[in-house]
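**Student:** Given next are the chains, with one letter for each unit.
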Amino acid sequence: MSKDIKVKDHITLFNDERFSEMFERKRELYENAATKEEVAKTLEWTLGEEYKELNFKREHLVVNPLKSCQPLGALYAAIGFDDTMPYVHGSQGCAAYFRSHFCRHFKEPFPAVSDSMTEDAAVFGGHNNMYVGLDNVYKLYKPSMVAICTSCMAEVIGDDLNNFVKNAKEQGNVPEGSLITHAHTPSFVGSHITGYDNMLSSMLAQVGEKTGEVKDRINVILGFDTYIGNFREIKRILGLFGVDFIILSDPSYNLDSPTDGHYKMFNGGTKIADLKDAPNSKATLLLQKYSTVKTIEFIEKEWGHPVKVVNPFGIKGSDDLMMAIAELTGKEIPAEIENERGRFVDAIGDSYYWVHGKTFSLNADPDYAFGLTRMVMELGGEIKHVLLTNGTKDWEADTKALLASCPQGSEAEVYAHKDMWHFRSLLATDPCDFIIGNSFAKYLMRDTGIPLIRIGFPMFDRQFLHRYPTIGYMGGLNLLNWIVNTILDETDRKTMYTTSYDVIR
Amino acid sequence: MSKDIKVKDHITLFNDERFSEMFERKRELYENAATKEEVAKTLEWTLGEEYKELNFKREHLVVNPLKSCQPLGALYAAIGFDDTMPYVHGSQGCAAYFRSHFCRHFKEPFPAVSDSMTEDAAVFGGHNNMYVGLDNVYKLYKPSMVAICTSCMAEVIGDDLNNFVKNAKEQGNVPEGSLITHAHTPSFVGSHITGYDNMLSSMLAQVGEKTGEVKDRINVILGFDTYIGNFREIKRILGLFGVDFIILSDPSYNLDSPTDGHYKMFNGGTKIADLKDAPNSKATLLLQKYSTVKTIEFIEKEWGHPVKVVNPFGIKGSDDLMMAIAELTGKEIPAEIENERGRFVDAIGDSYYWVHGKTFSLNADPDYAFGLTRMVMELGGEIKHVLLTNGTKDWEADTKALLASCPQGSEAEVYAHKDMWHFRSLLATDPCDFIIGNSFAKYLMRDTGIPLIRIGFPMFDRQFLHRYPTIGYMGGLNLLNWIVNTILDETDRKTMYTTSYDVIR
Amino acid sequence: MSTIDKKQAEDFIESVITQYEEKTYKDRKTHIEVVEPGQEKCGVKSNRKSRPGVITMRGCAYAGAKGVVWGPIKDIINVSHGPVGCGQYSWSSRRNYYNGTTGIDSFGTMQFTSDFQEKDIVFGGDAMLRGLLKEANNLFPLNRGLSVLSECPIGLIGDDIEAVSKDISKEIGKPVIPCRCEGFRGVSQSLGHHIANDTIRDWIYEKDMVGQKFEKGPYDVALIGDYNIGGDIWSSRKIIEDMGLNLVAQSTGDSTFSELANVAQAKVVLIHCYRSMNYISRYIEEKYNVPWLEFNFFGPTQIIKSMRKIAAMFDDKIKEQTEKVIAEKYQPYFEKIVAKYRPRLEGKKTMLFVGGLRPRHTMPAFQDLGVEILLTGYEFAHGDDYQRTLEYLDSTTIMVDDMSEFEMDNFLEKYKPDLFGSGIKEKYQTQKSGIPFRQMHSWDYSGPYHGVEGFGVFARDMDMAINGAVWKNIKAPWKS
Amino acid sequence: MSTIDKKQAEDFIESVITQYEEKTYKDRKTHIEVVEPGQEKCGVKSNRKSRPGVITMRGCAYAGAKGVVWGPIKDIINVSHGPVGCGQYSWSSRRNYYNGTTGIDSFGTMQFTSDFQEKDIVFGGDAMLRGLLKEANNLFPLNRGLSVLSECPIGLIGDDIEAVSKDISKEIGKPVIPCRCEGFRGVSQSLGHHIANDTIRDWIYEKDMVGQKFEKGPYDVALIGDYNIGGDIWSSRKIIEDMGLNLVAQSTGDSTFSELANVAQAKVVLIHCYRSMNYISRYIEEKYNVPWLEFNFFGPTQIIKSMRKIAAMFDDKIKEQTEKVIAEKYQPYFEKIVAKYRPRLEGKKTMLFVGGLRPRHTMPAFQDLGVEILLTGYEFAHGDDYQRTLEYLDSTTIMVDDMSEFEMDNFLEKYKPDLFGSGIKEKYQTQKSGIPFRQMHSWDYSGPYHGVEGFGVFARDMDMAINGAVWKNIKAPWKS
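Protein chains in written order, with this note's numbering: chain B, 23 to 527; chain C, 23 to 527; chain Z, 285 to 764; chain E, 285 to 764.
Please note that a few of the clues may not be correct.
[Claimed, not checked] Just some of the chain B residues that point at chain C, by a computed CB distance under 10 angstroms:
hint : residue
1    : Glu322
2    : Asn361
3    : Phe366
4    : Arg484
5    : Leu510
6    : Arg515
7    : Thr520
8    : Ser522
Read the hints as simulated data drawn from the structure, not as lab findings.
Cβ coordinates follow ideal geometry from the N, Cα and C atoms, glycine included.
Produce the complete structure using the sequences and hints provided.
**Tutor:** Structure (structure tokens):
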């Protein structure tokens, strides 16, 4: 087949001379383009100190931010429950965007309805949309639960979800006994992780039923963690401990479902019965902190059982995770886990000389940023910049304390509310050896020539990575793999035409 | 720390002008070097058709072969048994080489003794070396089994292992009842996979004790498979089936042991008792064919129970694996396995458009070569060349039949006994889009500019890859990951300064 | 012979839509029709609200205005004005290719947002917007203008972005164009196109802006309604040039502000995506008396037909050159592509549900490869789009407007096509059913599909999708 | 104050070696001694056979001849003559860097083998070798010579590679050098060095070959015994040049056949690795009357000392230039490196067990950084090497010849050094014990370690190893 006519697509087609000439002519005659000198000069200027200063003076404009809006996170919390329809009360375009965003990251379908509010709803309120919307949802999809969040429009006009849902039930828009949870998730407050927190805490509050009986079981909350492999990994770990558990929001069924010839909208997840019974577990373990602020507060206050929050990345984080499980459950840490720890440490021992002394700048959501910062330092890597758009004060303080505790963090700068255009200035004026970030950070790689290690969300331009775990010792091995082998790959590329292009490294 | 004095090592140091000038001067004044024109002309010539023809006419010289020698494979078979000391009867340098080779690949210690034969042994035979050698081995390491193979010297002078071992036992060089297995593994016959086969089949023959009772259990033999993750993966799979099994040679304990502050020479593996009892299993399943020719023959003839051989890569291969387990054990294929199949197929569906129509040339050991060839075609990739140094006639026939069965194989060429210098000619005169090969194939990438997907043995210049499984559906996901994400990475590099540098792919 | 039996199909459709809530049922009934080749009128209702609680594939006006009209113009800064999400989700997702240095003289793959916070909702965002526009202009001095694309809250809190834009435009001496494309307006992306077209009209042509001066000639044409997905407009441009014409302005793919203004300077305006840009072409004809012509550069049949139609607007030199290039260069290439791919695709059946124009534009290209269309329809088409789709039918076809995913699942299950072409949201669920899929908004990260080279890529990709080896392996062999 | 207590150490050693089989015990007893600074004689026995069944770190004569002497010469084709393995395992594993185009004018990282098959064992390999050498010369015409490195079977089956080499050399008009380095010869790599040196002597100098003609001057020197691991010889060369000397030939790292021949053309031969190359330097002195000088370019103390020693062989111009470059360039750099790393390394303890020279060469560099040596020894040293090691001691030290891995494990367990420097086979088991490790044969994929820049890399790497964050995390925190 390969010897037939070969078709060139955009990746190579436009390199043909005919096209280059065409582009050049167009630029010259019609585009009113800046001169090449102007462009070169401006480019150089944007990479300098003067520009950096100007750039950091920005008060209003945000360029290439590292955050999305609340309802996205709310949908992510919702998709983790069995037989549950995520529902966006607001404009239909919002739902379309959320769904596309997730589809592009997970390469999986992401069901969610919207009640398609338009101009008239702006005037009269969105209650009618919700009544018809819920009616259709139950008729078409027969979910066990509907999880409603809001997008901007509903929030700006002040729709009252609680009231609407009550009415819908009373009016008979929905079947008797329908379970509907709802959370206000205004896009102009916080970010996607806030929405996750709002939705999850609302679900716990609205569905959980405390009976007084305490069950020998723990709840586990992973937070806004898009590495689907982690949901399987924590189950495997808890299985080794022999612990009974409930994961509160487990999207690993819906977002990693088989291709077997039959599309199923709902593939599993946390059972509704478990959600109801969660307050009666003897403790709750959380694997994220900054994406679950309200949730933690709620559980501590309302369920009153022991709560542990760990950041389960790297050696220290995984140690914390294992010890937290042991502490909450009274179980011994299994020998197999200890063996895995040893194998992870072993892998670090085998490879850390490629990381030690290299400098790293990071982009991520706060919980990942904290964990990766610590893990990079565990490998001997030095941190230059940790830059977030949705960092919180707590995160900032925690991260600064972490960096201060370690020589590899001594020169690091921390930014909680900056964007990737700020980051570009930082990288251009104070370069590091490697960037860690999501797919959008590829622009930074292009602009600064600094290689990118792809860890984060969204990950649109690589496949399968989210299927691997990143937590615990075995997840740590994957992170290590991505970090070390990217360094090795870049080293190869740098040395390919020199004698340092070693076969053994 | 990063702001201190920065040390440059070879990766960047010699780019400094001072060194370039020095190199240039040395070349000009002292090296008696060919002129740059001569070099350029010769380089071009070596990449052309005329050279290819000359190159393929070689009858004697072998350049950059893709095989190692028998005892290497024998040691690999031996290291998979619990409390077993691999023993090389021959020159000590051989053992040093085998051990280094494995250490570089696995980044793990690889214990093996040699009996250090020298000139006098050449004259008088190596029996005395073996007597003292065995004595020391038992005194120092107290193994439960010693597995002896030979290197060239012992084979050329015709040492008789069977006799030597008998004498050693009779003379009391070893403790009463010592278990010593031995295999002749001449380096001038076959390759490392032949040695694996010889050692394993000898162990089965020398240690296995057929009792007549048939146990509800199967034997599993993975062959010369250096992806340690596969040993864990097959155990996981068999665990899901609920099958009782013995893995015959399981190096995953010795070659992936923890760093916990205590070095242990022997970390586990197939129990000697299991090796003894293996003939009494009800069936044997083999996951390689070309590395276990003698072993298959032996089991079929001597143990007389059902034997199945599958090549467990990709969809078809994993299907075969699962059905073979089901058939041999009478168990149903578990729903979880079916789910994993669906997830693997799903991942292929999500990504195959990056592979479809791309052309691939492969280098590997025969079992991997066969499996990867088939899997690449399952992804829609087209095969150009499959080139091995240690291919067998069977392998060649099987591979040709496979290629003929699929349009993606219609233009492929198969070479069973060529080397990587032949491969260079093929790639230069008839380029493909991607090479699949081991670390040495990086030279082909440099010489031809064709990107390399690293799968195989040895893998010296990337870390951890051997810790992942490659077999079954979940192993397939790793292979898919390496293939697709390498393609994506190369696409990024090719398009970085064009508009095709997409964030979503 | 048609695969679709009209009566059976109608019964099936009825069985599906009766499952809706009653008003929804009544509404949906008017959006679906089984049509026949030769049929004169299409009765499908369109451009109506999607019903709440039904998973629609549609987006919003902002998506139409930003993603389609304003977004691809490379030398202006498009500010997503409002909360962070809308700009974030639409960032770099349309693959409107352009040449230029991003962040310096081009801004296509950047996300500029005002990142509204609660205080902005409460106190209004106008003051902030002023500051923002100036910051943007300072940090990106080579921009040729800015647009302000309103998100939902802006219209609801009563901000006056027009006033702000006027002021700043004066202050910085560059166009600043406010675009009221709040997502709640209208029923789909389509109103966004219209609104954005109106802003182009009002803020460019009504102000008589012109672009870079060029030497005018008799063969000057403009090409609009091509968004350069995967390089579409470039392979189209090549055809125009091969015909001997002069392409003086293109929009909005790989377009500049200058070209946008200069569209009206051409002798003829060629429009590819009629749905999203017809407003402008009609207006230009009216105001400047420049005629426009719709054309279709998908697949050999339509490419050749369109080339002749365009050539017919010009003199014999152009006509001859057109015939020459067809005969000498294009036809032989098309034949090779068809020879390779048609045998692999002949008789395959597809469903196509995309945007507001592409189904009827790509159907002939599918037919050139022997592929039958079982079902088609549009996310956001208008009545005339459906009407004009009829002419491309060559078998009984189900026509659906604003198909819900519920309907889609049922159609896929029932008819098991060899290919479904739609959007990213539809892709993975289709594939789970074992049905090959191509994203026909974004060319599934491939492209171009327009023009001569584009047809090769299109044919290759459809073959790849339909005949992908993986689809033979959907079922576990132990499940019989 | 020494960390090692002599009496305790001796008792401990005894307790370890008594576990051997009796003859082995007696033998090993003579290979280990606890030595003190100032001690005049070292009684350690060396260059004896390793005992069977004891895991030795040693390799073979082939490894010494190919890996060290012939392998690094870039423009000759080194044929590993015999079965495939020896060449395969030693392929690209020594990191002898070179400049050149591999496969065209340079062949360092290629594996040429005759891949002996059973028939070759039975019928002999001479005919095959003839064909092979001609094939190699035809396919790689820019080679400047070939070597034939025998593997074990060659010596055992009685092939006459000398005759073949002579014939082919005549036929192709290039040197073809047969080297009888069968792995069973001798007790370690060391004999391989000697044999290979002898072949250089016999086939180059005895034949009065000369290399590229160059203009001779008073400052011409040759540098031998540097294998350019990670670029060592390049940073050494830089020092030589900085001193105002002319380096006219180097060997064998990044060396050519021409340079090898021209070593004898220099005014002085500088030898770095005395162990592997002293045979040649002695011979050249005898035959050509060219004096030789041993030097050491590891670490500030020895670099400066060596530079002065070398300068002393020349006139004042060189001496002045040497002092100038030390004072102005090297000393300030050394101070910076020491200032950064010594505080991090002061008082750390290491064990070093490598090759035949490096321990005594690198000890002063460790001492420059404040690191104490607890134990050292050589894989394949001779008596004089041990003798000369004494002068570098600054505390009580255990000296072990041909240390077995059994002994090594025991020493590591007992003394828990902060660093162990040895080879790849020893690396991972050391690390399992939680003890940092550096491969001191190959610089652990780093380098150069020679010369001024090399000291920086050395210091950085030792810090990295010893103070690597991972070593704090060996123990699970729940294990107290």
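**Student:** With a cut-off of 10 angstroms, does the beta carbon of B:Thr520 approach a beta carbon of chain C closely enough for the hint to hold?
**Tutor:** Given a least distance of 7 angstroms, the restraint on B:Thr520 holds.
**Student:** Hey, does the B:Leu510 contact hint survive, CB to chain C under 10 angstroms?
**Tutor:** Hint on B:Leu510: holds, closest Cβ of chain C at ~6 angstroms, below 10 angstroms.
**Student:** Holds or violated: B:Arg484 as interface residue toward chain C, Cβ cutoff 10 angstroms?
**Tutor:** Result: holds, 5 angstroms to nearest chain C Cβ.
**Student:** Closer than 10 angstroms between Cβ atoms is the bar; does B:Glu322 clear it against chain C? Give me holds or violated.
**Tutor:** Violated - the Cβ of B:Glu322 stays beyond 10 angstroms from chain C, reaching only about 36 angstroms at its closest.
**Student:** With 10 angstroms as the cut and Cβ atoms as the points, is B:Phe366 at the interface with chain C?
**Tutor:** holds (8 angstroms)
**Student:** Does the closest beta carbon of chain C sit nearer than 10 angstroms to the beta carbon of B:Asn361?
**Tutor:** Holds. Min distance 5 angstroms.
**Student:** Does B:Arg515 pass the interface hint, meaning its C-beta sits closer than 10 angstroms to a C-beta of chain C?
**Tutor:** With a closest approach of 8 angstroms, the B:Arg515 hint holds.
**Student:** So, as I understand it, the hint says B:Ser522 touches chain C; can you test that by seeing if any CB pair is closer than 10 angstroms?
**Tutor:** holds (5 angstroms)
Checked against the numbered hints given earlier, the structure breaks only hint 1 and satisfies all the rest.
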